[in-house]
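> Residue numbers (this note's numbering), protein chains in the order written: chain L, 1 to 283; chain R, 1001 to 1451.
Keep in mind that the hints were calculated from the coordinates and are not lab data.
Since the model is a prediction, treat every value here as computed from it, not as a measurement.
A couple of the hints might just be wrong.
Unchecked claim - Far from chain L, by Cβ distances over 10 Å, these chain R residues were calculated:
no.: 1; residue: Phe-1267
no.: 2; residue: Gln-1390
no.: 3; residue: Pro-1420
Stated by the list, open to error - Straight-line Cα separation of at most 25 Å, SDA-like style, residue types lysine to any residue; simulated pairs:
no.: 4; chain 1: L; residue 1: Lys-151; chain 2: R; residue 2: Arg-1293
no.: 5; chain 1: L; residue 1: Lys-151; chain 2: R; residue 2: Asn-1246
no.: 6; chain 1: L; residue 1: Lys-151; chain 2: R; residue 2: Thr-1299
no.: 7; chain 1: L; residue 1: Lys-151; chain 2: R; residue 2: Thr-1297
no.: 8; chain 1: R; residue 1: Lys-1099; chain 2: L; residue 2: Gln-57
no.: 9; chain 1: L; residue 1: Lys-30; chain 2: R; residue 2: Ile-1170
no.: 10; chain 1: L; residue 1: Lys-151; chain 2: R; residue 2: Ile-1170
no.: 11; chain 1: R; residue 1: Lys-1099; chain 2: L; residue 2: Pro-50
no.: 12; chain 1: L; residue 1: Lys-151; chain 2: R; residue 2: Arg-1096
no.: 13; chain 1: R; residue 1: Lys-1194; chain 2: R; residue 2: Asp-1250
no.: 14; chain 1: R; residue 1: Lys-1194; chain 2: L; residue 2: Leu-44
no.: 15; chain 1: L; residue 1: Lys-151; chain 2: R; residue 2: Thr-1341
no.: 16; chain 1: R; residue 1: Lys-1099; chain 2: L; residue 2: Thr-149
no.: 17; chain 1: R; residue 1: Lys-1190; chain 2: L; residue 2: Gly-82
no.: 18; chain 1: R; residue 1: Lys-1095; chain 2: L; residue 2: Gly-82
no.: 19; chain 1: R; residue 1: Lys-1099; chain 2: L; residue 2: Leu-134
no.: 20; chain 1: R; residue 1: Lys-1190; chain 2: L; residue 2: Met-60
no.: 21; chain 1: L; residue 1: Lys-151; chain 2: R; residue 2: Asn-1451
no.: 22; chain 1: L; residue 1: Lys-30; chain 2: R; residue 2: Asn-1246
no.: 23; chain 1: R; residue 1: Lys-1190; chain 2: L; residue 2: Gln-57
no.: 24; chain 1: L; residue 1: Lys-151; chain 2: R; residue 2: Lys-1095
no.: 25; chain 1: L; residue 1: Lys-30; chain 2: R; residue 2: Thr-1297
no.: 26; chain 1: R; residue 1: Lys-1099; chain 2: L; residue 2: Asp-152
no.: 27; chain 1: R; residue 1: Lys-1190; chain 2: L; residue 2: Asn-248
no.: 28; chain 1: R; residue 1: Lys-1194; chain 2: L; residue 2: Ala-53
For each residue, glycine too, the CB sits at the ideal point set by N, CA and C.
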Amino acid sequence: MAAKGEGWRAALLSVLLLAVLLGAWEWAVKGGGGPGGPAVDPELAALLSPAAAAGGQTAMPAPSDIGARLIELLRDPFHQRGTNDQGIGIQIAWSLWRVMAGFLLAAAIAIPLGFVIGMSPLLNAALNPFIQVLRPVSPLAWMPLALYTIKDSNISSIFVIFICSIWPMLLNTAFGVASVRKEWLNVARTLEAGRWRTAMRVILPAAAPTILTGMRISIGIAWLVIVAAEMLVGGTGIGYWVWNQWNNLSIADIVIAILMIGLVGLLLDRALGLVARAVAWQE
Amino acid sequence: MARMFRRDPVLDVCACGVGHPAAFACAPEAPPDGTGEMGRVVNEAALRAAFPNAATRRGLLSLFGAGTLLSALEGVLPLGNVREALAQPAAAPEKRDLKIGFIPITCATPIIMADPMGFYRRHGLNVEVIRTAGWAVIRDRAIAREYDAAHMLAPMPVAMSLGVGVANPIPFAVAAIENINGQAITLANKHRDKRNPRDWRGFRFAVPFDFSIHNYLLRAYVAEAGLDPDRDIQIRSVPPPEMVANLRADNIDGFLGPDPFNQRAVFDGVGFIHILTRELWDGHPCCAFAVPRSMITDTPNTYAALLRAIVEATAHSNDPANRVAVAQAIHGPNYLNQPLTVVQQVLTGTFADGLGGVQRVPQRIGFDPYPWHSMAVWILTQMRRWNQLQRDVDWAAVAEQTFLALDAGRAMRDLGLPVPESPMRTETILGRSFDPRQPEAYMASFAIRRN
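Please model the complete structure; the sequences and the hints are all you need to start from.
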């Protein structure tokens, strides 16, 4: 652990870096061209964006614009004004729900299956080719197939989360189970523990940290994929929200969405990190 | 958290049960039952169907009287012509809760404005209009029946019904045309002095979808100027908002796209409007209100009610007096999600062209629900011309199957709108006359074609 003073200094440096970055951004957007350019008649000016009326192009939003928009969005994050206009909080909740559904479904299948594969070298060798072929398939490549067969866009996006988060959990569980130390299994055998008892009392605790690592990788991928899946399918969710703001060419909103997606991803990872710490053990 | 589900404060709930901005008043109630005028129309339609020859019909009527003839007809009109059944407005819709997908462009105006202005509700329907991420998604969700009906590009139901661009033929139909005109060719600012398409060799263009009037019009336009659209220019399928972003990034030279994105390019200072598509083909169809053909037989009353609501909304949208209010209703985040001034410029036709001028073209976009069969035949000639459709088809039969002019005409007549005598008319497209009864001759007249 670093000394207390060092932590403070690191934080200070982070804040300073952020301030410099945002300051430079703000200056780059706003500092350049002042008002001027070709004079246009008021009727035409009213039909154009202020930047276009001055003879330029609508610029990238400055951090101050984004900040103002963020406050506006966060003031009422759960509003519902019809099917297509819902607050950013509701959209994140939708995405979280889909990610959780797909992820838990994957965990419910991957962990027991991984356990069996890890305990049986034969099954491991037999299933390995399938896993290795399916694992590198981009999750979005599944989307057209899912839409075509499942015929429900919401379930399709849950399926895509499921299919992409199953592999790390499966492989890590199998690996963790297979690499439980032989001595411990021998001790269990000497104590005449049954298969079920050995699995629950020896193998599971021993493999738990590896399994959790797999889950942590999976949730990261799942959160990565949901945004792309929702951009494709639309309807609800933070990915759809990004698409919708893109449709309005609203860069400020997209920057905010990126920020939100990053924060939620961080929180998800931290939550699983806490669980991982709880099951960790020291030899 | 009391504000969690608050409604928009500008909306007031009126008698139709739907909130809309103060500028709107709901249209008066439709007649409560289908007797009277409606019954007369149905009888007339049955008689016309049974005795198509007008002279014979008149003769029989004077001989036996309408009542006798009709009761005789009831014996031999077994399942009836389904279309006749549709004309009965009193029958309650079999399915009231409907989902309709739309793409957020001004072409969708009738479909979406019918929601805030209560047109669906007045016909006994509870419609949810759902913004959708792209044409392929809208097609797939319509095929999967997640949507009961959908906003589509007019050529899409034709392509789907013929099995072009989809795995199997899926019978879809254009129940009504959403909008006519309302598209434009937008070019990047740097091409201000290249206003002649002859100078466009090597240009990269974007259109919204392969099966779109945009694609066909752009191809026909450059081919007319002597350029081969497959060899001399590049045409990509790009979603409309990305057209503007790509134009800004200098990744494309121009696009033939839907509004409000032509206007958005001008608004953001990245492009100018080269030509409105109404100058290429005045009255050309663009988007359609599409339904699966099975809807007509499975839920005829729902279909009829929906068609009425759409035709009514289309007529309302077409009235120049309503355009400002319609722009106000649909520009917001729940529908188009665009700045008001952009949508208003498109709908009123008073717009900045990006070349420093303000143009006044009130007919920039129009809303006419009638699905002319001649439009469908022209679409087929272009699908054939560019080899999307690789076999010969019976042009007129496909047009009749996919463009439901009879149903739309009936809904229009009920609303007191004028209905054309025949769904075939001679169109003028890029200065050429197109006779839909002679599609082969028209096709043969093209020097540049792929088939």
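> Give a verdict on every hint.
Here is what the structure says about each hint:
1. With a least beta-carbon separation of about 5 Å from chain L, Phe-1267(R) fails to lie farther than 10 Å from that chain, contradicting its non-interface assignment.
2. Distance check for Gln-1390(R) against chain L: the nearest CB is about 23 Å away, which clears 10 Å, and the non-interface claim stands.
3. A cut-off of 10 Å between C-beta atoms confirms that Pro-1420(R) is not in contact with chain L; the least separation is 35 Å.
4. Simply put, Lys-151(L) and Arg-1293(R) have alpha-carbon atoms about 19 Å apart, close enough for the 25 Å limit, and the pair holds.
5. The straight-line distance between the Cα atoms of Lys-151(L) and Asn-1246(R) is roughly 32 Å, outside the 25 Å bound, and the hint therefore fails.
6. A distance of roughly 21 Å separates the Cα atoms of Lys-151(L) and Thr-1299(R); the hinted pair therefore holds under the 25 Å criterion.
7. About 22 Å separates the Cα atoms of Lys-151(L) and Thr-1297(R), which keeps this hinted pair within 25 Å; it holds.
8. For the hint pairing Lys-1099(R) with Gln-57(L), the CA-to-CA distance comes to about 39 Å; that exceeds 25 Å, so the pair is violated.
9. With a C-alpha separation of about 53 Å, the suggested pair Lys-30(L) and Ile-1170(R) falls outside the 25 Å cut-off, and the hint is violated.
10. Taking the CA atoms of Lys-151(L) and Ile-1170(R), the gap is about 15 Å. The hint holds against a cut of 25 Å.
11. For the given pair, Lys-1099(R) sits about 38 Å from Pro-50(L) by alpha-carbon distance, which is inconsistent with the 25 Å threshold.
12. A C-alpha spacing of about 22 Å is found between Lys-151(L) and Arg-1096(R), which places the hinted pair at or below 25 Å, so the restraint holds.
13. At roughly 16 Å between alpha-carbon atoms, Lys-1194(R) and Asp-1250(R) fall within 25 Å of each other, so this suggested pair holds.
14. Taking the CA atoms of Lys-1194(R) and Leu-44(L), the gap is about 23 Å. The hint holds against a cut of 25 Å.
15. Taken as a hint, the Lys-151(L) and Thr-1341(R) pair is broken in the structure, with Cα atoms around 38 Å apart against an allowance of 25 Å.
16. With a C-alpha separation of about 20 Å, the suggested pair Lys-1099(R) and Thr-149(L) falls inside the 25 Å cut-off, and the hint holds.
17. Under the criterion of a C-alpha separation no larger than 25 Å, the hint pairing Lys-1190(R) with Gly-82(L) is inconsistent with the structure, at around 41 Å.
18. Our distance criterion of 25 Å between C-alpha atoms is met by Lys-1095(R) and Gly-82(L), whose separation comes to about 21 Å.
19. Between the alpha carbons of Lys-1099(R) and Leu-134(L) the distance comes to roughly 35 Å, so the proposed pair goes past 25 Å and is violated.
20. As the CA atoms of Lys-1190(R) and Met-60(L) are separated by approximately 20 Å, the hinted pair is consistent with the 25 Å bound.
21. Under the criterion of a C-alpha separation no larger than 25 Å, the hint pairing Lys-151(L) with Asn-1451(R) is inconsistent with the structure, at around 35 Å.
22. For the given pair, Lys-30(L) sits about 23 Å from Asn-1246(R) by alpha-carbon distance, which is consistent with the 25 Å threshold.
23. Pair hint Lys-1190(R) plus Gln-57(L) holds up; C-alpha atoms about 13 Å apart against a cutoff of 25 Å.
24. The hinted pair formed by Lys-151(L) and Lys-1095(R) meets the criterion: a straight-line CA distance of about 20 Å does not exceed 25 Å.
25. This hinted pair does not check out: Lys-30(L) and Thr-1297(R) have alpha carbons roughly 61 Å apart, beyond 25 Å.
26. With a C-alpha separation of about 13 Å, the suggested pair Lys-1099(R) and Asp-152(L) falls inside the 25 Å cut-off, and the hint holds.
27. Under the criterion of a C-alpha separation no larger than 25 Å, the hint pairing Lys-1190(R) with Asn-248(L) is consistent with the structure, at around 24 Å.
28. Using a Cα cut-off of 25 Å, the hinted pair Lys-1194(R) and Ala-53(L) holds, with the two alpha carbons roughly 23 Å apart.
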